[in-house]
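Undergrad: As a plain string of letters, each chain reads:
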Amino acid sequence: MTQLVELQEGYNKFQEQGIKLYAISYDDQEVLRDFAQSYGIEYPLLSDMDSAVIKQFGILNTQIQPGDAVLYGIPYPGTYITDEDGVVIQKFFHDTYKRREGPELLIDAALGRVVLDDSAPAASETDDEGIKVSATLHGGAIKQGAQREIIVRFELPEGLHIYGQPVPDGMIPTTVTVSGPEGLAVEETIFPPTEQLRLESLDLDLPVWSGQVDIRVPIYALSALQSECRPLDQDEIDIEVAVRYQACDDNVCLLPKSESFTITAPLETIHVQSIDLHMGHGQKEATFDGTPHLRRLLIRKIRQSPLGFVRYIFKEMGLRRAARKRAVSD
Amino acid sequence: MAIAETDELGFEAPAPVGHPGRAGLPASASTGPEIGERLPDFALPDAFGNTVRFHEHRGASKSAVVFYRSAVW
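The listed protein sequences correspond, in order, to chains A and B.
The opening residue of the first sequence carries number 1 in this note's numbering; numbering runs sequentially from there.
The opening residue of the second sequence carries number 331 in this note's numbering; numbering runs sequentially from there.
Just so you know, the hints here were simulated from the structure itself, not pulled from any lab data.
Since the structure is predicted, the reported quantities are computational estimates derived from the model, not experimental observations.
One or more hints might be untrue.
To be verified - Some chain B residues judged to face chain A by a derived CB distance under 8 Å, without partners named:
(1) Ser358
(2) Asp376
(3) Glu386
(4) Ala390
We put the beta carbon where it would ideally sit given N, CA and C, even for glycine.
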């Protein structure tokens, strides 16, 4: 649900770019209406109560058995981005439900370019040659369960280029290194496609970028940094971004350069439903009471598989017993 | 007793490790329509009971279709 609230916070950006947004779950209309009213959700929350569309798409979570309490029928969470013809141009599925792209990253995928928010935390440097390099925290504050990106943007004056990979020995490819405190997961750098620069004199084709170049580094918080089960340990963190590059025109190369930036990134708690499961963890829990909806969902699911539910009760008890043992032995 | 265990990926959740609610996406699992394929059409009611026919409603716009777990829990 954090994701739904975050999508609403970015909904005006979807509208500005003419991108239609839909969210689908197995929830009934009653909870969706209550939820939409509690958080002012303006985009359609679609009710796929028997998970027919989830199954039609082939993304039913099959690790959950019928009778697994309220769980059966959920999808592997993920997002499809389509073009104007409804054809998938990008999709986001992760190995855990705790990594989800916020509105900005979905909009980037739809547009095929990075749209930075002017108010995002950023640092930049412009050198004597007029090369501007900036590093921006893209996608909003760091939140448990939400994926963000560090965007390193080059703005190269006309005639200058920088190098991708591979380049011959002695040339400097562009590299970006992002680091942060313990618990900040940093994924592999995503480079844009290069252009080929033909150097006739050397009989060489080199991968280069010119103009505006956006290099993306996905980041997200692990529980060592931030958890849905405890209040924030700190309000912000410093993220270090080191950039190395060499700019050349068609004849001459400038000296290789290194820049380092520090971005102060805010951390935020997440919205959670006011149900027992989430209470007292120091997150934002007072807006939406899920309790009556949870009861209704449970009844609906038990009716579908009463015997499965009996099996589930024993499984759940076993899991909790094992967890308590682990807690004691720690 | 509150349970908040960290899983092998480094995430914490208010349920024991191994709980089906924490199950991740297996490497072999389908993630549905692939890049380059048109999304299947579907019709579902929204929160207020209006039927949304996906491609008709989308018209000639780009779209983001988010599948999430639940608004209840």
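Undergrad: With reference to the structure, classify each hint as holding or not holding.
TA: Hints, verified against the model:
{"no.": "1", "hint": "Ser358", "verdict": "10 Å, violated"}
{"no.": "2", "hint": "Asp376", "verdict": "4 Å, holds"}
{"no.": "3", "hint": "Glu386", "verdict": "10 Å, violated"}
{"no.": "4", "hint": "Ala390", "verdict": "5 Å, holds"}
The structure shown violates the earlier hints numbered 1 and 3.
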